[in-house]
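Student: Quick note, the sequences are listed as chains A and B, same order.
Residue numbers for the first sequence, in my numbering: 7 to 205.
Residue numbers for the second sequence, in my numbering: 989 to 1642.
Since the hints were derived computationally from the structure, they do not count as laboratory data.
Keep in mind that this is a model prediction, so the values were computed, not measured.
We treat Cβ as the ideally placed atom computed from N, Cα and C, and that holds for glycine.
Among the hints, a few may not be true.
[To be verified] Part of the chain A face toward chain B, derived, beta carbon under 10 Å: (1) T32; (2) A36; (3) G42; (4) G58; (5) T132; (6) A139; (7) Q164; (8) I193; (9) F196.
So the chains spell out like this:
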Amino acid sequence: MGKVNNNVPLEYSTEENNLKIFGFWTFLGAEIMLFGTLFASYFVLEGRTGNGPTGAEIFEIGPVLAETFILLASSFTIGLAIHAMRLGSKKATLSFMGITLFLGAAFISVEIYEFVHYVHVGAGITTSAFTSALLTTLGTHGLHVTFGLFWGIFIMIQIAKRGLNAVTAGKTFVFSLYWHFLDVVWIFIFSFIYLKGMM
Amino acid sequence: MSEFFAQFAVPHPSTLIYIAMASIVLGSIALVAIVTYFKLWGYLWREWITTVDHKKIGIMYLITALVMLFRGGVDAVMMRLQLAVPDNGFLDAQHYNEVFTTHGVVMILFMAMPFITFFFNFLVPLQIGARDVAFPRLNNLAFWLFFMGMGLFNISFIVGGSPDAGWTSYFPLADNEFSTSVGTNYYMLALQIAGLGTLMTGINFITTIMKMRAPGMTLFKMPMFTWSALIANLIIVFAFPVLTVALAMGTMDRLWDTKFFAIGDGGMDMLWANLFWVWGHPEVYILILPAFGIFSEVISTFARRNLYGYTSMVWSMILISVFSFAVWTHHFFTMGQGAFTNSIFSITTMAIAIPTGVKIFNWLFTLYKGKIVVTTPMLYALHFIPLFTLGGVTGVMLAMSAADYQYHNTMFLVAHFHNVIIPGVVYAMLAGLTFYWPKMFGFMLNERLGKATVWVMSIGFVLSFIPMYITGLDGQARRMYTYSDAAGFSTLNMVSFVGAGIMSVSFLMLVWNIWYSFKNSPRDIGSDPWDARGLEWATHTPIPHYNFAITPDVTDATSEAFWDSKKNGVKLFKGEIKDIHMPNNSGQTFILSVFFFIGGFALVFSMFTLAIISLIGILACMGYRSLEDDHGYHIHKEEVELIEKKYEKEGGAK
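Isolated chain B (complex conformation) (with noise of 0.2 Å):
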């Protein structure tokens, strides 16, 4: 019985780690305790971990997103705080392996994957004029899966210890030898879950893309966020199975001592590399395409024109998506594969920054011919387009491959990656999150504060990843959990971790900015308080659950219906009002997504009893379901006009 328990046991527990426990255990309990007390289960059931509602699916994801940015910005802070000063002892090697390990899976895959999601979810249908995605049941079940990878992941640190041989988990580092908890067995079995679930979300986005748009709507008439959306998805459904695949053998190596990546029997540790990177190095486009999309609706907008380039635009985000698989090999130039596979893969990463130039430019003649209004969301993409240059010049640096040889492992490449994707995806996700508050939870986040938000991210950004570009240079290794005085990095070192501090002082003022617009701002903005153009903005504030009463007509508009109807009188909503015919929700999908969570956590203690009959339960639901008939319900025309007559009354809407 003991035994059974010790299996449990996190192997390296530290003050830190028993104070997290505890935090964790009462915040559950409190969690539980105001659920109870409200009397909110069957609110939460029925309306949110049931539902098909692509909207509401979408704001579950955004909640994901904004508590897994807290929990990797809090190990950000802990490494800068560890690193601030020389020989630091307020994490030991291991933590510090630990921490920067999770940090990197939370961050790409629990933070911004489910951030990118959450616009896929709630702005594609709006924007095509559907009434929700393609598969709405298998929409839900993603969501679960990727929320149940999520926890599995992050209950590792206080159950059977984290992974700890970093977010890539390169061989034969990660084979039981060297990483002996069950960490990495986590690190396998959660991203396998999770990646799932995108998976399913990738189809899902494809199908209702290319089959659901409304009348009249082309492709080169979508709008630029579901253009980069159907680029991102499609490349989610090339790539991920290669990460199932890896991840599999991974699995199998470490608990059934297969012997693809071992040392000794044939295996090939270099193969984990390629595998992993041919799915890393297109996840990195994942997140920053959509990114693309969310800014090129953002300065569309406060440039007050039309986005400029629009052909162009489309076309280099197909031809980024090319070249993002051909380019993976730039992630081990000094591993020894030669010299001319690293020119060919030098030369295809450098051709990517030319579709990335040619937006960055279309996004400038925008501005340069617009009437620029400096709202929050145009503040975080006008801090956008100098930082992430800068980041994609760094970039063409590191595609050297000569030059890589200096730049190799060091605080420089961690720079560089940060310099792209925080400017990039996360000032995006931000841009747009504040964006479409309004049309989310009808009142608009205080200007004032999200302007003041936006300068203290980015002074605290410069101040954190500036000074590793020079510790790089000089030679600061990254990975490394402390060093002497005498190598020369502790000043700029102090100044990264003043850095973090100011940006974790930017994410509380968002934190607060929520609240403090949920309690101060009016009620009374309508549905169009942007001024905006695409035709996520001709429906109501709130939106009803289908989208539009009349599906739209966008044969007489361009890309921005909305506008068009604005401003030329384009008529969109022809027609009158008929039934209309929505899914129902569904339970079935949480209860086998649960059983995947155990199934999980069971393999990655090896109870492979349990894993068998979690996987009996999750065949049994998969039969249930193949038996089931359901065809949803219709919302009878008379109801529907109701609810418009409704809203006109209220005056929240067009």
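Next up, chain A with everything else stripped away, as it sits in the complex (with noise of 0.2 Å):
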């Protein structure tokens, strides 16, 4: 485990944690890079729709202003998770953490309402090269929040089991980037895709 160093935070009292949140920012660096070839082929292919429908035929705007509220309000709850966490309080972390994965939870549901709706409106995947590249960019995302449910559920058994130490904080900690890294890509998939697609 290493030193311990009290002057930090919990997530940063040891050499081992300091070496993971270093080295998950470095995968953040190849996640943007993953969701920046998405979004370039994206962009290459977006106005390639073949027999199929364009963007602003098919896209919807309440749906789409839903998943946008509920996952930023889930990267201020996960924010307020580490805030808790900082303090002490794992009923407050397990809490927040608790709200966080519930609104990524409906987050899920809306997308999954939304890919229906594509598929009944005649822009299944194999539809066109554009629908491929919409599909495929917003299913990455999805699978992303949806593994972040599964990860998230994990750490909170830990929290539970364990309290908070300088393991469970780290793992929090990282958690914590991963969503919050999330909610930026979004932020680029509702300008950039939905925004523009329907203007």
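Assembly of the complex is requested from the two constituent chains, each provided in isolation within its own frame, with the hints serving as guidance.
Tutor: Rendered as structure tokens:
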């Protein structure tokens, strides 16, 4: 576990955690490239709709706004969870993480509705290059959120069982970075896929 | 039932493939029998498969790389044999397609990549005075994912058929319509799994180098190889996700009929070419920069002086890494992107020659002021400089986009990239292998045999590839499986074949050297047989699993800390021995990667139930790991002192 430094927040208190947080930032660099590539491909294929519908024909502002508010709210609540963690309140940390994951699940539900809608209006993943790129980009983000739900649950179990210590604090902090990152990606999806597509 | 098994049959069988199948089956049975007879399973599992020791993981990469060098080499010889005489019937067109595809993939991704990863693993922690990498278990997982990807790719030619759309796998050729066998599925999924492992390596080593350097080692005091490793790993982290996305799209196009690269419905085949080379060009520098790092270590050691122009070496590598992302379009100058785009990419491509030239001159100045000792590693370096420069010059020729319309898709191009990759990467890897062999295994490779190997290899190389420049300029297309006598390529192609044969001999000489030296070389060589300069030589041979009993302090030293301690009396090991914290071994990572292998295999054959089962297995492994509490163990002070005493008594080290 290495030396413990008590002058910094719990998640930074061990060498092992410092390495993990740094490594995770590096991983986020790779994630930026991953989503960057997806966006670039989307922009290349955006107008290539073949015989299928265009974005303006299938996008619905309602669910998209709902998704946006839900995900932004969850980014706020994971921030509160980290704040609670730094104050040392296990109960508040768990509550805010719970709310975050609940919001994440709500986001996924709306997204599933949205996907069903796309398929229903004839914009399945095999319809055209545009729909392939659209659903793959959204789907990759959605899979990340889904993975985050499982990950968050496993961290909550550990906090509940072992309390807040350097290990669980480090994991929670890394999870919060991941969650914020997904929110940032969504802002790009909202602005450059939906708003641009509807205009 | 018979339908189920029919899908695994090879679509274009031939005698050669049947022989390969039989030898693989017999070889596997023999291997299992030997391991069982000598009761080695437990040893393999405890000491190797589950290991988190960066040195052992490195050696596993090395073994994989050497085996793949053999496989890719056999592919190469088959191609040269097929082209040795006009109208040859040794391989038919389909088999030739498969052979050049697998030769390319195997050599780049499953030979060169593990070879440099071996050096990352083995050397970087030693050079920066660390006990291990930042994430030892991730390191083990990265190896096994890479290994499973490699395995998946290699079984393609006996189960279901090899990929045959070229190592670049351009669409629409790689789509179902033109590549009907499952071969290209193998390509997409095997590269995906191995690429995940590579990304993990990248993250691991960036963290290791940035966060775990010995006290006093600032960035500009890092040994040159560590610098090259840092830059190469940064390129890995930024380039590999692009490949991940491209391969995912390619897989979906083939398995689920999405339209990314399709011919109709808006699909765009050029998107594949762009994405592939946005990864593929930086990939070249992921390979060559660590190779430059190795040459820098070897040349400064055997010129007996410090490297000329350390700072300019570092900055030129940084510049190369930036440029490497700005040149990908030169891989398709002739695909109709217009003069303006071609000009931009032509200029950026040529610009890379500048920092590379700086490096060449730095090596030359190091030699010029040095007292050269010609050892085997140094001989590789001395052959590298002129041969690589020739490859660089033909590279600048190819970078002229207008002229490229002549060279495009000819043997000239093939000659060029082999001319940079073989003297650049392969020579560096073999130089480094010979150089660090005593550190790894405690005995030297035979010098006479080693030097003879270098000469035979260089003669073989020149005979193989220089004729291709000429036939290429004369219009011999690459990937063409045969030609008529009237084309006039016969003599030069025969010379190439002879060259390939000579290069094979040099490979056999390397293998013989390892065996011969294992039998005959003395074992009392100490820890510094070359009179070398870096921190990696400051520990015992063989290296104890904690690397350094006391973490070295290089505050008073330069980038060549060990040299400073030998010649100027700089004290590296201050303080006293304390308890050492080490990570535990783990078998979970291996199990996890087996699930990846099964999942990949299932997707190749569209067996989705099995794929979902293995996905659940993967998630279960990750969940288990998440809940696990494992903080490693401590080697107690007394135990370390005992080990250190033992080393001193045997005289194995300083």
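Student: Each hint should be assessed against the structure and marked as holding or not.
Tutor: Going through the hints against the structure:
no., hint, verdict
1, T32, "5 Å, holds"
2, A36, "5 Å, holds"
3, G42, "8 Å, holds"
4, G58, "7 Å, holds"
5, T132, "5 Å, holds"
6, A139, "7 Å, holds"
7, Q164, "7 Å, holds"
8, I193, "20 Å, violated"
9, F196, "20 Å, violated"
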